[in-house]
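**Q** Now for the letters of each chain:
Protein chains: 2
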Amino acid sequence: MTNFEEKTVHTEPIYKGKVINVQIDDVTLPNGKTSKREIVKHPGAVAIIPVTKDNKIIFVKQYRKPLEKTLVEIPAGKLEHGEAPEVTAIRELEEETGYTTDQLTYVTSFYTSPGFADEIMYLYKTNSLEKVEQPKAMDEDEFVEIMELSLEEAERLVVEQEIHDAKTAYAILYLKQKGLK
Amino acid sequence: MTNFEEKTVHTEPIYKGKVINVQIDDVTLPNGKTSKREIVKHPGAVAIIPVTKDNKIIFVKQYRKPLEKTLVEIPAGKLEHGEAPEVTAIRELEEETGYTTDQLTYVTSFYTSPGFADEIMYLYKTNSLEKVEQPKAMDEDEFVEIMELSLEEAERLVVEQEIHDAKTAYAILYLKQKGLK
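Chains A and B supply the protein sequences, listed in that same order. When we follow the working numbering, the leftmost residue of the first sequence carries the number 2, and every step to the right adds one. When we follow the working numbering, the leftmost residue of the second sequence carries the number 2, and every step to the right adds one.
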């Protein structure tokens with residue numbers, strides 16, 4: 002296999018934020034020339050497909066500032082430093098939907114935007130939901146609305162582009178293929 | 002429907018790059034409080050699922066600096082300013098694989114990381130590929146290797162995490178469901 006590795010000559014930190022860091026790497030290319038790579042560092046994220054006893058999927062509707070619009074997505078959240086993805090998944094499920102689970106199935110993982118960001122998304126599913134009496138609170142700058150939808154209703158929202166993000170699109174295709182159980 | 006819109010009070014530009022811009026928006030939340038949103042602006046991207054006459058899918062293997070590893074992905078690229086996504090798709094197909102097409106089918110679109118970036122990905126498919134004698138050159142800092150794989154071979158690379166990005170994972174699930182034709 003050809004080796005296309007790009008060696009870092011210098012890293013220039015641009016920004017250290019609450020969610021992302023940004024840096025510019027000067028790299029040596031496989032042909033010996035140099036170039037710059039703009040890189041967003043992200044802690045990684047989890048998403049969870051929560052399926053209720055009566056075959057509804059629980060979604061959260063929330064405003065996405067980068068897009069200046071409201072999207073309907075499966076519950077998701079950022080990894081806290083050092084936290085196992087399963088722990089994040091259960092925490093975010095509880096905070097966003099008021100449900101918890103002790104039966105989490107790993108579905109897959111993928112990098113969301115490998116060209117400019119290192120964000121990885123771990124995807125889980127659960128068919129075993131239990132209502133939490135006093136669920137953990139969300140971050141104080143988070144506002145979401147819960148929606149329970151059948152797979153057919155969710156597919157309609159894909160067509161209408163109210164569901165319009167990669168992880169949720171993948172999740173719906175996955176359920177369509179494997180079934181909800 | 003509840004309105005969760007976050008109004009921008011101030012935008013602070015952090016970085017203007019070749020691929021991404023970064024900005025911090027001060028916003029007013031639905032409860033009247035304020036918060037900050039870290040936002041990556043991206044021109045958007047296209048990806049294309051190229052299927053050959055003998056039912057192989059054409060992939061490109063390339064080094065992804067943000068991940069410090071090599072991934073196998075479907076051909077993809079950034080939108081040039083003002084360019085229609087179909088035009089970008091055909092250009093990137095030619096540059097990366099040496100094939101062109103005049104029959105492009107729109108599959109779907111999705112935002113890759115709506116929490117911090119506005120990147121949208123338009124996904125296309127073609128079953129009609131024609132070899133280009135002297136294909137357009139790639140950007141001079143791009144190095145890729147072409148791989149023609151059956152769907153089963155591609156699924157194995159998903160398990161081995163050589164295929165490990167959202168658009169390619171979606172594409173493989175899509176082909177699995179709809180067939181290659």
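Honestly, I wouldn't trust all of these hints.
Since the list gives no way to pick out one identical chain from another, each pair is judged satisfied if it fits inside one copy or across any two copies.
[Unchecked claim] When the alpha-carbon atoms are kept at most 20 Å apart in a straight line, the in silico EDC-like pairs for lysine to aspartate or glutamate are as follows:
#, residue 1, residue 2
1, Lys137, Glu96
2, Lys70, Glu153
3, Lys70, Glu81
4, Lys177, Asp140
5, Lys179, Glu156
Honestly, the hints are just simulated from the structure, not real lab data.
**Q** Going through the numbered hints above, which ones does this structure break? Give me the numbers in ascending order.
**A** As far as the earlier hints go, 2, 3 and 4 are violated by this structure, in ascending order.
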